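A.B. asks: Same order as they appear, the protein sequences are chains A and B. The opening position of the first sequence corresponds to residue 1 in the working numbering, with each subsequent residue numbered one higher. The opening position of the second sequence corresponds to residue 1 in the working numbering, with each subsequent residue numbered one higher.
Just so you know, these hints were derived from the structure itself, not from any lab. One thing to keep in mind: the hints can contain errors.
Stated by the list, open to error - Derived contacts from chain B toward chain A, CB cut-off under 10 Å, selection only:
#1 163
#2 240
#3 242
#4 250
#5 252
#6 270
#7 335
#8 340
#9 347
#10 372
None of these values were measured; they are calculated from a predicted model. Cβ atoms here follow ideal geometry from the backbone N, Cα and C, with glycine treated the same way.
Protein chains: 2
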Amino acid sequence: MEIEDGNRGRRVAGRVAGDIRRHNRAVVLELVRNLGPVSRAEVARAARLSPATVAEIIGELVREGLVRVAGEGPSTGGRPPALVELDPEARSAVGLEIGPRTLTAVVTDLNAAVKVRVEKPSKMVEGAKVTAGQVEAIFEQILQEVPEAAENSLGVGVAVPAPILRSRGTRFDPPSDPEWGGLDVPELISRKFDAPVLVDNDANARALGEFLFGAGRGASNMLYVIAHWGVGGALVVDGDLRRGADGGAGEIGHTVIEVDGPPCGCGGYGCLEAFAGRAGIARRARRALKLAGRDRLGGVDLDDLKVRHVVQAARDGDELAARVLEETGQYLGIGVANAINVLNPEVVVLGGSTVEIGEMVTGPLVRVARRRALPGMAEGTRIVKGELGEDAGAVGAAALVLRELFAVSVPEAVRRTVV
Amino acid sequence: MEIEDGNRGRRVAGRVAGDIRRHNRAVVLELVRNLGPVSRAEVARAARLSPATVAEIIGELVREGLVRVAGEGPSTGGRPPALVELDPEARSAVGLEIGPRTLTAVVTDLNAAVKVRVEKPSKMVEGAKVTAGQVEAIFEQILQEVPEAAENSLGVGVAVPAPILRSRGTRFDPPSDPEWGGLDVPELISRKFDAPVLVDNDANARALGEFLFGAGRGASNMLYVIAHWGVGGALVVDGDLRRGADGGAGEIGHTVIEVDGPPCGCGGYGCLEAFAGRAGIARRARRALKLAGRDRLGGVDLDDLKVRHVVQAARDGDELAARVLEETGQYLGIGVANAINVLNPEVVVLGGSTVEIGEMVTGPLVRVARRRALPGMAEGTRIVKGELGEDAGAVGAAALVLRELFAVSVPEAVRRTVV
DNA sequence: CCCACTTATAAAACAACGTAAATAAAGTCT
DNA sequence: AGACTTTATTTACGTTGTTTTATAAGTGGG
Numbered sequence: 001m002e003i004e005d006g007n008r009g010r011r012v013a014g015r016v017a018g019d020i021r022r023h024n025r026a027v028v029l030e031l032v033r034n035l036g037p038v039s040r041a042e043v044a045r046a047a048r049l050s051p052a053t054v055a056e057i058i059g060e061l062v063r064e065g066l067v068r069v070a071g072e073g074p075s076t077g078g079r080p081p082a083l084v085e086l087d088p089e090a091r092s093a094v095g096l097e098i099g100p101r102t103l104t105a106v107v108t109d110l111n112a113a114v115k116v117r118v119e120k121p122s123k124m125v126e127g128a129k130v131t132a133g134q135v136e137a138i139f140e141q142i143l144q145e146v147p148e149a150a151e152n153s154l155g156v157g158v159a160v161p162a163p164i165l166r167s168r169g170t171r172f173d174p175p176s177d178p179e180w181g182g183l184d185v186p187e188l189i190s191r192k193f194d195a196p197v198l199v200d201n202d203a204n205a206r207a208l209g210e211f212l213f214g215a216g217r218g219a220s221n222m223l224y225v226i227a228h229w230g231v232g233g234a235l236v237v238d239g240d241l242r243r244g245a246d247g248g249a250g251e252i253g254h255t256v257i258e259v260d261g262p263p264c265g266c267g268g269y270g271c272l273e274a275f276a277g278r279a280g281i282a283r284r285a286r287r288a289l290k291l292a293g294r295d296r297l298g299g300v301d302l303d304d305l306k307v308r309h310v311v312q313a314a315r316d317g318d319e320l321a322a323r324v325l326e327e328t329g330q331y332l333g334i335g336v337a338n339a340i341n342v343l344n345p346e347v348v349v350l351g352g353s354t355v356e357i358g359e360m361v362t363g364p365l366v367r368v369a370r371r372r373a374l375p376g377m378a379e380g381t382r383i384v385k386g387e388l389g390e391d392a393g394a395v396g397a398a399a400l401v402l403r404e405l406f407a408v409s410v411p412e413a414v415r416r417t418v419v
Numbered sequence: 001m002e003i004e005d006g007n008r009g010r011r012v013a014g015r016v017a018g019d020i021r022r023h024n025r026a027v028v029l030e031l032v033r034n035l036g037p038v039s040r041a042e043v044a045r046a047a048r049l050s051p052a053t054v055a056e057i058i059g060e061l062v063r064e065g066l067v068r069v070a071g072e073g074p075s076t077g078g079r080p081p082a083l084v085e086l087d088p089e090a091r092s093a094v095g096l097e098i099g100p101r102t103l104t105a106v107v108t109d110l111n112a113a114v115k116v117r118v119e120k121p122s123k124m125v126e127g128a129k130v131t132a133g134q135v136e137a138i139f140e141q142i143l144q145e146v147p148e149a150a151e152n153s154l155g156v157g158v159a160v161p162a163p164i165l166r167s168r169g170t171r172f173d174p175p176s177d178p179e180w181g182g183l184d185v186p187e188l189i190s191r192k193f194d195a196p197v198l199v200d201n202d203a204n205a206r207a208l209g210e211f212l213f214g215a216g217r218g219a220s221n222m223l224y225v226i227a228h229w230g231v232g233g234a235l236v237v238d239g240d241l242r243r244g245a246d247g248g249a250g251e252i253g254h255t256v257i258e259v260d261g262p263p264c265g266c267g268g269y270g271c272l273e274a275f276a277g278r279a280g281i282a283r284r285a286r287r288a289l290k291l292a293g294r295d296r297l298g299g300v301d302l303d304d305l306k307v308r309h310v311v312q313a314a315r316d317g318d319e320l321a322a323r324v325l326e327e328t329g330q331y332l333g334i335g336v337a338n339a340i341n342v343l344n345p346e347v348v349v350l351g352g353s354t355v356e357i358g359e360m361v362t363g364p365l366v367r368v369a370r371r372r373a374l375p376g377m378a379e380g381t382r383i384v385k386g387e388l389g390e391d392a393g394a395v396g397a398a399a400l401v402l403r404e405l406f407a408v409s410v411p412e413a414v415r416r417t418v419v
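Taking the hints into account, I'd like the entire structure generated from these sequences.
C.D. replies: Written out as structure tokens, the structure is:
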């Protein structure tokens, strides 16, 4: 119900009765989801709505199958409540993560629990055509394993490793690969799978997943940080994922933490990613080894050194390697501290392979983030690892769809929907 | 209508019919304000509401005196429209800025135009008692000059140079002065002036002023930066001022831009403020002079060197001083670039005395901000000086009150209101 | 064991709000 | 002069949530 008008870009629109109903329906559904088996009366209290209204909405949800009765609760001095809960099997959602080397798709229930998982190798460097073929193959396989997937599904969410800017379309061109040639993801998927398609970048999708179903549940302000090949992020401000003016918000990886720092892949200098991205970690490791007069690490030549070798060496007790990882955490901690100062979130959720390295990285990360944030600012901030695990990208993509059901706030204006 | 509930901190609340009316009233009033003399029909189109609804709401606003008819517009082939516009004189607002050395109060109309201005010197170092007395004196003077101020006023906004955290009260204790002793601003003002009082920190107030009445008008995403004694900021995200989880959002001044940089007043190292705050500028100037083997600048001894001496020297052609100011702009530009990457705003508004130095600072600031933001990110971002001038703080404080009238989105949960 | 008291749920009367359609008002255009 | 257009107002109506009332189904004291 929000529109763009001539008012210099500000969105202003009136509301009608249907908007109230949509809002209250989402509020009730979200409360039923979160409070587990719960009585209508308690939902009414939590939502600040009258019992009558809540009863009617829940009746509607029960008729639609989204909510089911779940026995009777204990009496607290009166008639015992009839409990209701979300029926997670009522509908499903599909999430597809297009990674640089792999395609991962999941079919989830309404709790974002993975029910079917399909993975196919597909290196992006092989071009858009090849990836398109693999995407089609994935959806064929999904339909084979779950023939009713399309009808039962709320839609398909897609996470792509590139910004989805308002000023461009759903066509997806990774910035790292100018030869790619463009891939109109919704168009492609709608050929095989008859459901709405929503596309967003992978950091936003993961953030949304953690916000709705993972470590950020219940927070109003959340910062998500993903440290993988690059370093990215996404923001939840006052209860909703925020994309900024053009959809590019959250790019914490290219904030400068060293004015005259090393060059970064983005063309700048001293970006966080130049220190704590994969390439940056390897670069620092090589430099440290050279300074120490060593030309090998755990049997690997300097020129072939990858992050996994550094991790292995650190686990095997190599102190230099351990220090490189510690510094990685420290750099990330500074980036996180900076973002905490700007956003003052109540929770920071960390994801990505660099975080998965473990305590060697996250320990210093958390310590430095707390120490270098403005005193008082980070005290109330939890800094935790994501809960969505290895399939966070695909599950987050599914969350793009599930959000439509649960999100209380008005959905974003930028929705890339086909059919 | 938003409440805190047990749902792990997330705010969820149902809406009722009255919420619709409140929302639509604000939408209509905001459109009338922004579109100047405008017909009911045009407002209806812009608001996506039916002509009937808009007519009724405007009738209500006219009866209340907030809106008045302003002649007739030209016919476009049919009945000529009766134009309506905001009557800025209908009500007033009071804004008080408590600065480190000065108290400034303004009485404004509904367009935030200053009608009365009262200033009193009051150094915060003299303690809360003295300041309290001066605040009372200011309101006495206001009531003397405009006896009807209290009845006519929507309320009093107060901007204080300290974070207003949700976790603390309205009691205001500047972090720089532990001896201060606390000042309950709403309580104090309500002794003299019978109107609601809203308190926020100065950066938030200024940002709100620029957003509603100044350089940020019409934007949805805005970053405000104030470079004065320190460096601060505030955020508008998706059409509303955002304060973060605890009210501390926007502290751009203490983001780290140099991992091993110079110590900052906050206890950290390499913060933006350590380079571009007043103390940082003076420190860099002294250091540059020493390196150049000079012990004076424009007749001033190194130990007494203040920013104003650097500015004077630069204006008089001193190249070293000019370079110090250029670097100040560059450091600020890096901080702005970092925030642009995280927030992707459509406009950055600059304020504070350091920005007022002029092109010598803002030129490099804008250039560096554009160059060091992620490619593509800053292209659509305007970077401009604030439009509210010298009284931006006090006018912004008044905006805290005016916002209640115009703000379309739900008002923040944290309102410090007395009476 | 019964009766007063709670608590939960359902149903009916009611009030607020916006819309659609009809009507009136006041112009333009051929 | 007559058809058409645009703006504004009035009226009937539908949606939505609330309040009130009734009903169901427990608890607890005497």
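A.B. asks: The structure should be examined with respect to each hint, and the outcome stated for every one.
C.D. replies: Checked hints:
At its closest, the beta carbon of residue 163 of chain B sits 8 Å from a beta carbon of chain A; the interface hint therefore holds under the 10 Å criterion. Hint status for residue 240 of chain B: holds, given a least beta-carbon distance of 7 Å to chain A, under 10 Å. Using the Cβ-Cβ criterion of 10 Å, the hint placing residue 242 of chain B at the interface with chain A is satisfied: the shortest such distance is roughly 5 Å. Below 10 Å, beta-carbon pairs count as interface contacts, and residue 250 of chain B has one with chain A at about 7 Å; its hint therefore holds.
Residue-level restraint check for residue 252 of chain B holds (minimum Cβ-Cβ distance to chain A is 6 Å; threshold 10 Å). Because the closest C-beta pair between residue 270 of chain B and chain A is about 8 Å apart, less than 10 Å, the hint holds. At about 9 Å, the closest approach between the beta carbon of residue 335 of chain B and any beta carbon in chain A falls short of 10 Å, and the interface hint on this residue holds. Satisfaction of the interface hint for residue 340 of chain B is found here, the shortest Cβ-Cβ separation to chain A being roughly 9 Å, below the 10 Å cut-off.
Using the Cβ-Cβ criterion of 10 Å, the hint placing residue 347 of chain B at the interface with chain A is satisfied: the shortest such distance is roughly 8 Å. Given hint, residue 372 of chain B at the interface with chain A, holds; its Cβ is 6 Å from that chain's nearest Cβ, closer than 10 Å.
In summary, the structure agrees with every hint in the numbered list given earlier.
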